[in-house]
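Trainee: Single-letter residue listing:
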Amino acid sequence: MRYTLKQIHCRPWTLPYLSVKLIESHYENNYGEALRRLNAIAVQLESLDFENTPRHVLNGLKREELAALNSTLLHELYFASIGGDGQPTKGMSDILARDFGSLDRWRAEFRAIGYALGGGGSGWVLLTYIPRDGRLINQCASDYSQCVAGSVPILALDMYEHAYHMDFGANARAYVDVFLRNVDWPALERRYEDAAKVTGLRPLEQPEFGDVQGIGVEEVKEMIATGKPVQVIDVRPRAAVSRGQDVAEGIEWRDPELIQQWIGELSKADPVVVYCSYGFHIGCKTAIKLRDAGFDAKYMNSGHSGLKAIGHPIKTTA
Amino acid sequence: MSAQPAELPFDPTTLTGLSEKLLRSHHQNNYAGAVKRLNAIRAKLREAPAAGIGGFELNGLKREELIATNSMLLHELYFDSLGTDRKAMAPAMELALAASFGSVERWREEFVAVGKALGGGSGWVILTFQPREGTLVNQWAADHTCAIAGGMPLLALDMYEHAYHIDFGAAAGAYVDAFMANVDWSRLYARYQKAVEQCSEALTASHDDVAKAHLVDVRRAGAFEQADALIEGAEWRDPGQVDAWASQLPPGKDVVVYCVYGHEVGRATAMRLRAAGIKARFLRGGFDGWKAAGRPLSPKR
Numbered sequence: 001m002r003y004t005l006k007q008i009h010c011r012p013w014t015l016p017y018l019s020v021k022l023i024e025s026h027y028e029n030n031y032g033e034a035l036r037r038l039n040a041i042a043v044q045l046e047s048l049d050f051e052n053t054p055r056h057v058l059n060g061l062k063r064e065e066l067a068a069l070n071s072t073l074l075h076e077l078y079f080a081s082i083g084g085d086g087q088p089t090k091g092m093s094d095i096l097a098r099d100f101g102s103l104d105r106w107r108a109e110f111r112a113i114g115y116a117l118g119g120g121g122s123g124w125v126l127l128t129y130i131p132r133d134g135r136l137i138n139q140c141a142s143d144y145s146q147c148v149a150g151s152v153p154i155l156a157l158d159m160y161e162h163a164y165h166m167d168f169g170a171n172a173r174a175y176v177d178v179f180l181r182n183v184d185w186p187a188l189e190r191r192y193e194d195a196a197k198v199t200g201l202r203p204l205e206q207p208e209f210g211d212v213q214g215i216g217v218e219e220v221k222e223m224i225a226t227g228k229p230v231q232v233i234d235v236r237p238r239a240a241v242s243r244g245q246d247v248a249e250g251i252e253w254r255d256p257e258l259i260q261q262w263i264g265e266l267s268k269a270d271p272v273v274v275y276c277s278y279g280f281h282i283g284c285k286t287a288i289k290l291r292d293a294g295f296d297a298k299y300m301n302s303g304h305s306g307l308k309a310i311g312h313p314i315k316t317t318a
Numbered sequence: 001m002s003a004q005p006a007e008l009p010f011d012p013t014t015l016t017g018l019s020e021k022l023l024r025s026h027h028q029n030n031y032a033g034a035v036k037r038l039n040a041i042r043a044k045l046r047e048a049p050a051a052g053i054g055g056f057e058l059n060g061l062k063r064e065e066l067i068a069t070n071s072m073l074l075h076e077l078y079f080d081s082l083g084t085d086r087k088a089m090a091p092a093m094e095l096a097l098a099a100s101f102g103s104v105e106r107w108r109e110e111f112v113a114v115g116k117a118l119g120g121g122s123g124w125v126i127l128t129f130q131p132r133e134g135t136l137v138n139q140w141a142a143d144h145t146c147a148i149a150g151g152m153p154l155l156a157l158d159m160y161e162h163a164y165h166i167d168f169g170a171a172a173g174a175y176v177d178a179f180m181a182n183v184d185w186s187r188l189y190a191r192y193q194k195a196v197e198q199c200s201e202a203l204t205a206s207h208d209d210v211a212k213a214h215l216v217d218v219r220r221a222g223a224f225e226q227a228d229a230l231i232e233g234a235e236w237r238d239p240g241q242v243d244a245w246a247s248q249l250p251p252g253k254d255v256v257v258y259c260v261y262g263h264e265v266g267r268a269t270a271m272r273l274r275a276a277g278i279k280a281r282f283l284r285g286g287f288d289g290w291k292a293a294g295r296p297l298s299p300k301r
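Sequence lines, in order, name chains R and L. So that you can map any letter, position 218 of the first sequence is 218 in our numbering, and since no number is skipped, the others follow by simple counting. So that you can map any letter, position 106 of the second sequence is 106 in our numbering, and since no number is skipped, the others follow by simple counting.
Chain L with its partners taken away, still in its complex shape (with noise of 0.2 Å):
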């Protein structure tokens, strides 16, 4: 199969700080160059049967098949994390760098030093979904190859110097804080938020499953405060501090959490209590759902 190199997704003259210059030559040489290297390589490994070459060849054609596939992904993402939404980040993206960063800054600081710490050398600055705790990480990549295994990249920033040394020169720290004016945080957001459908499905609990369980509410702090019922039985618990409360629930016990909608907030809750070594899913249909079911609530107090 023969894969084809997507279009820029913006128009490269609209960028605040990165030339249409530098984005064009990035995105037909070095993106495009991946997928027409990718397809060699694969027509390479299809005329030649694995078991007729030598393991030294085979060994060649892996690398570079994974290189060119992996630059091709990584460039994908780089483009799709850039456009000309200024639009601020969505509170829910803003709870989840927290939860794992302890808050937005401090996420930033670490993605952009990362970044800078590249600088001069060669590699990528992924932003990545870790499904196995529900947590997000920046990780480094010092080349194509590197990637957390089973990991979600949601944001990258490729730091090989075809991404700025036409416009920056060396000045690697002024290039990573142009790629963070230019970020378009709608789509992150929406990336985050597959990611974690993708990954919990099989955490769901329905309004049945309630009575059984230990029920707790994790709507944002922000959503709670403006809320004025609470799912019959159930407690607040802030979804941006998981580590501080997961200690004090019933050990051995089923927990189910909710947040208003049964998306990402309630499902990453449920996928780091997990992580925790807790029994928890969550409500699906959240909050809303249960209230238009007719289920009961108890006023918030």
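Chain R on its own, in the form it takes in the complex (with noise of 0.2 Å):
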């Protein structure tokens, strides 16, 4: 497969103090480059015979082949990122003062990461969706192969020096200001709307208990932290325990087999959570045999293993 050049997306003669001759040299050395430079790298991989060949070979290939097509997509994005009046549109102001607290914070921290890069080193800042969370963050990458995993960048500052260098020397930060006057806030903002289209992993169905509610293992801990009136139940199962020999600090184990003995001292008024190892079957069963009963029950989403991984203090039992 070959990949063909797009057109540079921004009009060159069009941009306040960025010259043409940097925007050419640009696009048709650095950005042309990385492009010629994937391409070659794709004719040897096609043609490569991958069970003969020593892996500091393909090591090296691969490696060269991320780097290449990195370039040659973060160009893309930064021709696209520019071109426009720099005045912020509406839209995209209300989402970065959701993910940022203000337009002004999103600002500083961009224009601070790029700063921050100038002065003899390279990289990219990049504006980036992380649908995992629904939400932006600006990202800071040292070269061309660093990215957040699964991430959709909606805009793209190149702090490598061949971006500025002809027509701001080391003053880095001067061409960080101009590109902000630059950016073109519209074509953004569309950017924006597609990649919140993406969504993140999907999450492990159980559509055997479909209608039982979980509950967020961090919801759980601030319920406890804040005194809510919770009654929060360790149900893993007798073996898990013992193979464990750790309970978590304030939460009382009990024995998932022998729910009737212990029903009884649980109240109705309040809810209860139960949790098993994983937030697996254990634990939804038992909330089941709990709501059958007439309690408010749900099951905690990730279990014992949840709360360590969120850091909650845990006990030994040995």
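Keep in mind that the hints were calculated from the coordinates and are not lab data. The structure displayed is predicted, hence computed values, not measured ones. Think of the CB as a built atom: it goes at the ideal place given N, C-alpha and C, for glycine as much as any other residue. Where hints are given, some of them may not hold.
As the list claims (entries may be wrong) - Selected chain R positions facing chain L (Cβ under 10 Å, derived; list incomplete): (1) N29; (2) E33; (3) A34; (4) N39; (5) S71; (6) R135; (7) Q139; (8) D143; (9) M166; (10) A170; (11) N171.
Said to hold, decoys possible - Once the Cα atoms are required to be at most 27 Å apart in a straight line, the calculated DSS-like pairs of lysine-lysine come out as: (12) K228(R) - K289(R); (13) K212(L) - K253(L); (14) K62(R) - K116(L); (15) K36(L) - K62(L); (16) K6(R) - K116(L); (17) K285(R) - K228(R); (18) K21(L) - K21(R); (19) K315(R) - K221(R); (20) K221(R) - K90(R); (21) K253(L) - K291(L); (22) K87(L) - K116(L); (23) K21(R) - K116(L).
The two chains are supplied separately, each in an independent frame; assemble them into the complex guided by the hints.
Mentor: Dropping the structure here:
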């Protein structure tokens, strides 16, 4: 497969304080070279005998492929990022305020990362959508190979010195400021709309427990910490508890096999949360039994492992 | 301790094909900026006890400290690599490159090609002395943090775009050629000698050690041609071709090599033989010292 050239996404003669010479050199030499290199690597990879290729050859080619492909993609996004009047749209201002506190706070962070990459460094500042959390972050990349997994970059500031040295010399700050004056905000907002359609990893489905409500482990921790009336019970199987020899601080363990012996201790006035090892069937089944008995019961996602993963204090029972 | 930026070791108006504007910007902004940053990081590390800050904060500071430190050191080496001395490379420096790369030309081809391959990105090409094997290698670095452990950098070509964009734009190849045209070979040779001497002190053999050892004359081919005598009991081998004869040495026996004065030719050869598994040392004072002490020679046949 060959990668084809994309026409430059901005009009080079319309960019205040960025010379046509700089933009042309950037597009023809740096973007163009990345694409040419990418295709040369693709040709080599196509003809490679993977069974008999020494690992250093394959490592080298795949590393260079990653750098060349990201250089191609990020440069295209860079040229698409500029060409506007630098005036934030209402829609984007609201979105950035949602994720960063305010438009100014976003701008201050984005700009500072760019300044920090100046002075003889190289890299990218990317405004990136994270589908897992449905939010934007500013990502700092010190070379072409660094990108947040599964993210969608929507604004790219090239901090390699080829992006500014010709016009600004070592004055990286002036270049960052000029970039921000040239941002095409309506186009950015459209890219955000496209990015926001991307969803994160699908949760594991447990159709057999479809109507049992789960509750997040962070939420349970918060309820305990703030003294909300809630009865949290560890219902891991006896074997799991004796193997692990630890329980969460402040939470009682009850044997799920012997539910009839302890169900009478619970109060129907306050909600009940039960959990097993990882958030699978034992917790769900116990929650169903409690609900059938008239309790406001939920199971906690991620279980005992989840509590440990978020750093809830644990005591050993050994 | 606060690091002080060094002056440019040459007059920036006198290099060929590298403008004063470029060299001054590189020195003042990129090099001096790195020194300034390093001092700020050191101050921060002094005031923040390592145990009292988060692991990610310490990681961040130490990473930046490494970057700024190497940026300072490599930039100093870069500027020291350049000069207006147009003297040709010393024969012993040619030998050192040929012994590791096959020939000076092969070395130059590789060094230049690595530089050009880094064009449009960033990084360094560093000719480095590698003490484990007594050899020279062209080291590729994609950023300031890449370095061969225990290696001693001798010649540094800055491939960050600040090193050339002002004069050459994206024409990285033309910049690499201009760099090569301005290399001060005499200073490179001096750095090489120092590196070899510092790494080989433990391999000294005295005149009295020679009697018990297998003795090899490793004077440079050009120097040996002019000579009329050897140390008694020695045979000559080309120090540029250690791989070709190392395996012919008597296994398990102590070996002493000598050059003319006991400097880098004999020392580096002893190191290369050590890397090949031979118990080699070099003769302190070399052929000259032996002769001056009135020790026995045999005529060259």
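Trainee: Are the hints correct? Go through all of them and say.
Mentor: Structure-based check of all given hints:
1. N29: Status holds, d = 3 Å.
2. E33: holds, 5 Å
3. A34: At about 7 Å, which falls below the 10 Å cut-off, the nearest Cβ of chain L leaves the hint on A34(R) intact, so it holds.
4. N39: violated, 15 Å
5. S71: holds, 8 Å
6. R135: The hint is violated - R135(R) has no Cβ within 10 Å of chain L, the shortest such distance being about 20 Å.
7. Q139: violated, 15 Å
8. D143: Hint holds; D143(R) Cβ to chain L Cβ min 7 Å, cut 10 Å.
9. M166: holds, 6 Å
10. A170: holds, 3 Å
11. N171: Holds. Min distance 8 Å.
12. K228(R) - K289(R): holds, 23 Å
13. K212(L) - K253(L): Between K212(L) and K253(L) the Cα gap is close to 9 Å, so the pair holds against 27 Å.
14. K62(R) - K116(L): Cα-Cα ~20 Å, so holds.
15. K36(L) - K62(L): holds, 16 Å
16. K6(R) - K116(L): Distance of about 25 Å is within 27 Å: holds.
17. K285(R) - K228(R): With Cα atoms ~24 Å apart, K285(R) and K228(R) stay inside 27 Å; holds.
18. K21(L) - K21(R): Holds: K21(L) and K21(R) sit about 19 Å apart, inside 27 Å.
19. K315(R) - K221(R): holds, 16 Å
20. K221(R) - K90(R): violated, 37 Å
21. K253(L) - K291(L): Answer holds: K253(L) to K291(L) is near 25 Å, not above 27 Å.
22. K87(L) - K116(L): Holds. K87(L) to K116(L) sits at ~25 Å (cutoff 27 Å).
23. K21(R) - K116(L): Holds: K21(R) and K116(L) sit about 22 Å apart, inside 27 Å.
Figure legend: structure checked against the earlier numbered hints; hints not met, in rising order: 4, 6, 7 and 20.
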